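> Listed here are the chains, written in short residue letters.
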Amino acid sequence: MCLERVVDLQHFSALVQQVKRQHPAVRSNCYLLPEAITRCAGQGRLYYERLESGSAFLCAEGSYYHLYYYVEGDRPFCYNPKDKPVIIETVYKAAERQANQSEPFSQWTANGFVLHKTSRQFMLNPLPAREQLAEQLAQAKARLHDAGFELATAGAAQLTEVQALWAGALDPFDFTYLSDEELRCELDQGRVSCVADACGSLCAVLLIIFERGASNCRHLVTGAAYRRSVGMGTALVLDWLVKAAAQGKSKCLAWIDQTNIPSLNLFAKLGFQATGRLSDQLLLAQKGV
Amino acid sequence: MDKLLEILHELRPELDYAHNDSLIDGGHLDSFDIVTLVGELNDAFDIEIGVEDLIPENFNSVAAMWSLIQRLREQV
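As given, the protein sequences belong to chains D and S, one line each in that order.
-3 is the number of the first residue of the first sequence in the numbering used here; add one for each residue after it.
3 is the number of the first residue of the second sequence in the numbering used here; add one for each residue after it.
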């Protein structure tokens, strides 16, 4: 079976309807909304593949495919590896998973997928008062300054430095890895906060996402040489909260790898609480590996 | 309408659905909630909410969702 390109939203919609007609009890992990489907199809990186029990939509994300499935039932079926690794993400509430499924991935593990990682969603809602946040941020910035570092906003000229920090620390199968063009856009809009040393070299970065009513942060990375030193992560998260509050956002959200203890502790210290929502990522190695 | 409210309360019990007309625009429901909600509505009302229907305007309020349900029921 080969991959075929999804042309646009109407095409995607027609394919889904066709699958549902042929497989009435179809299940899906697809949370793409029309906006995202239109963007990915328009960029020529959304594909589909017919399966014996449904269809798979694959979105090319640089070094891997993100798979959104529409399949019937739990029974195993044949799924062939691709030219790049394939990632499936399933988002669920912890209580539901415990109550409903003892082996939730049987049809995928039978195809060679393995559990790659589990992330937990954390939320701060409501945000603390602006004055309180500003005071906390001032203290964090002073601590950085005393140690020879400054909190700043990264610009387009620092694109490769930001990418290098992320490449050195982020999971290569991170879902929100940005293309050069997308990152440049974020930098131009001042959405990448950073900590720089006295020479202006980046030591830590954080990407801020503003959405409807809420804000997310992604890709919080502190260079290996600076971890557990002067509170760079704390300063970046506080800077994000201050900016979110200034934009009138009522809550801030973050997904954190459940094995990343320093990050879990950092967000807990700042008042974030688990929402109970988890995300499992399953990985299929590429063809021939 | 009661059935719709029941589904919504099960999905996110903390929300005040009666007085909120910006469930999506206000960030109260996100894409994960919408996907879950669509499955529940399809089953409960025997409708088929298409991908093209998944726009904020159809999910910002209980009234908007009810209107969508009614429209899709008439199409069956």
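Just so you know, these hints were derived from the structure itself, not from any lab.
Do not rely on the hints blindly, as some may be mistaken.
As the list claims (entries may be wrong) - Which chain S residues stay away from chain D? Per the calculated CB distances, all over 10 angstroms, these:
| id | residue |
| --- | --- |
| 1 | K5 |
| 2 | L7 |
| 3 | I26 |
| 4 | H30 |
| 5 | V37 |
| 6 | L56 |
| 7 | A66 |
| 8 | I71 |
| 9 | Q72 |
| 10 | R73 |
| 11 | E76 |
| 12 | Q77 |
Unchecked claim - Restraint-style ranges between C-beta atoms, simulated for each label pair:
| id | chain 1 | residue 1 | chain 2 | residue 2 | range |
| --- | --- | --- | --- | --- | --- |
| 13 | D | V3 | S | F34 | 23 to 29 angstroms |
| 14 | D | E0 | S | H21 | 31 to 37 angstroms |
| 15 | S | R73 | D | E0 | 28 to 34 angstroms |
| 16 | S | E12 | D | N121 | 17 to 23 angstroms |
| 17 | S | L7 | D | T114 | 31 to 37 angstroms |
| 18 | D | A148 | S | L17 | 34 to 40 angstroms |
| 19 | S | K5 | D | T34 | 47 to 53 angstroms |
| 20 | S | D27 | D | E0 | 47 to 53 angstroms |
| 21 | D | A134 | S | D27 | 57 to 63 angstroms |
| 22 | D | T255 | S | D27 | 43 to 49 angstroms |
| 23 | S | E12 | D | A134 | 40 to 46 angstroms |
| 24 | S | E76 | D | Q159 | 48 to 54 angstroms |
| 25 | D | T114 | S | R73 | 35 to 41 angstroms |
| 26 | S | N22 | D | G38 | 31 to 37 angstroms |
These numbers were taken from a predicted model, which means no experiment stands behind them.
C-beta: ideal position from N, C-alpha, C; glycine also.
> Each hint needs a verdict: does it hold in this structure or not?
Taking the hints in turn, this is what the structure says about them:
1. Non-interface status of S/K5 relative to chain D is upheld: no Cβ of that chain comes within 10 angstroms, the nearest being about 20 angstroms off.
2. No Cβ of chain D comes within 10 angstroms of the Cβ of S/L7; the nearest lies about 20 angstroms off, and the non-interface call holds.
3. At roughly 6 angstroms from the closest C-beta of chain D, the C-beta of S/I26 falls inside 10 angstroms, breaking its exclusion from the interface.
4. The beta carbon of S/H30 sits about 7 angstroms from the closest Cβ of chain D, which is not more than 10 angstroms, so the claim that it is off the interface is violated.
5. Against chain D, the non-interface label of S/V37 is violated: not every CB pair exceeds 10 angstroms, the least being about 5 angstroms.
6. With a cut of 10 angstroms on Cβ distances, S/L56 falls inside the contact zone with chain D, its closest approach being about 5 angstroms.
7. For S/A66, the shortest C-beta to C-beta distance to chain D comes to about 15 angstroms, beyond the 10 angstroms cut-off, and the non-interface label holds.
8. The claim that S/I71 is not at the interface with chain D holds, since no C-beta of that chain comes within 10 angstroms of its own (minimum 18 angstroms).
9. No Cβ of chain D comes within 10 angstroms of the Cβ of S/Q72; the nearest lies about 20 angstroms off, and the non-interface call holds.
10. S/R73, annotated as away from the interface, keeps every beta carbon of chain D farther than 10 angstroms; the closest lies near 16 angstroms.
11. For S/E76, the requirement that its beta carbon stay farther than 10 angstroms from each beta carbon of chain D is met, with the minimum near 18 angstroms.
12. The beta carbon of S/Q77 is kept farther than 10 angstroms from every beta carbon of chain D, the shortest such distance being approximately 13 angstroms.
13. Hint check: D/V3 to S/F34, Cβ distance near 26 angstroms, so the stated range 23 to 29 angstroms holds.
14. In this structure the hint that D/E0 and S/H21 lie 31 to 37 angstroms apart at CB is violated, the actual value being about 46 angstroms.
15. Between S/R73 and D/E0, the C-beta spacing of about 32 angstroms keeps the proposed range 28 to 34 angstroms intact.
16. Here the CB-CB span from S/E12 to D/N121 is close to 20 angstroms, well matched to the stated 17 to 23 angstroms.
17. Range check, S/L7 to D/T114: Cβ separation about 33 angstroms, and the 31 to 37 angstroms hint holds.
18. Against the hinted window of 34 to 40 angstroms, the Cβ-Cβ separation of D/A148 and S/L17 comes to about 38 angstroms, which satisfies the hint.
19. The hint said 47 to 53 angstroms for the Cβ distance between S/K5 and D/T34, and at roughly 32 angstroms that hint is violated.
20. Taking the beta carbon of each, S/D27 and D/E0 are about 35 angstroms apart, not inside 47 to 53 angstroms as hinted.
21. Against the hinted window of 57 to 63 angstroms, the Cβ-Cβ separation of D/A134 and S/D27 comes to about 33 angstroms, which falls outside the hint.
22. Restraint check, D/T255 to S/D27: a C-beta distance of roughly 35 angstroms breaks the suggested window 43 to 49 angstroms.
23. Judged by the Cβ atoms, the range 40 to 46 angstroms given for S/E12 and D/A134 holds: they are separated by roughly 43 angstroms.
24. Checked against the hint of 48 to 54 angstroms, the C-beta distance between S/E76 and D/Q159 comes to roughly 52 angstroms, which is consistent with it.
25. In this structure the supplied range 35 to 41 angstroms holds for D/T114 paired with S/R73, their Cβ-Cβ distance being about 39 angstroms.
26. Between S/N22 and D/G38 the beta carbon distance is about 32 angstroms. The supplied range of 31 to 37 angstroms therefore holds.
In summary, the structure is inconsistent with hints 3, 4, 5, 6, 14, 19, 20, 21 and 22 from the numbered list given earlier, while agreeing with the others.
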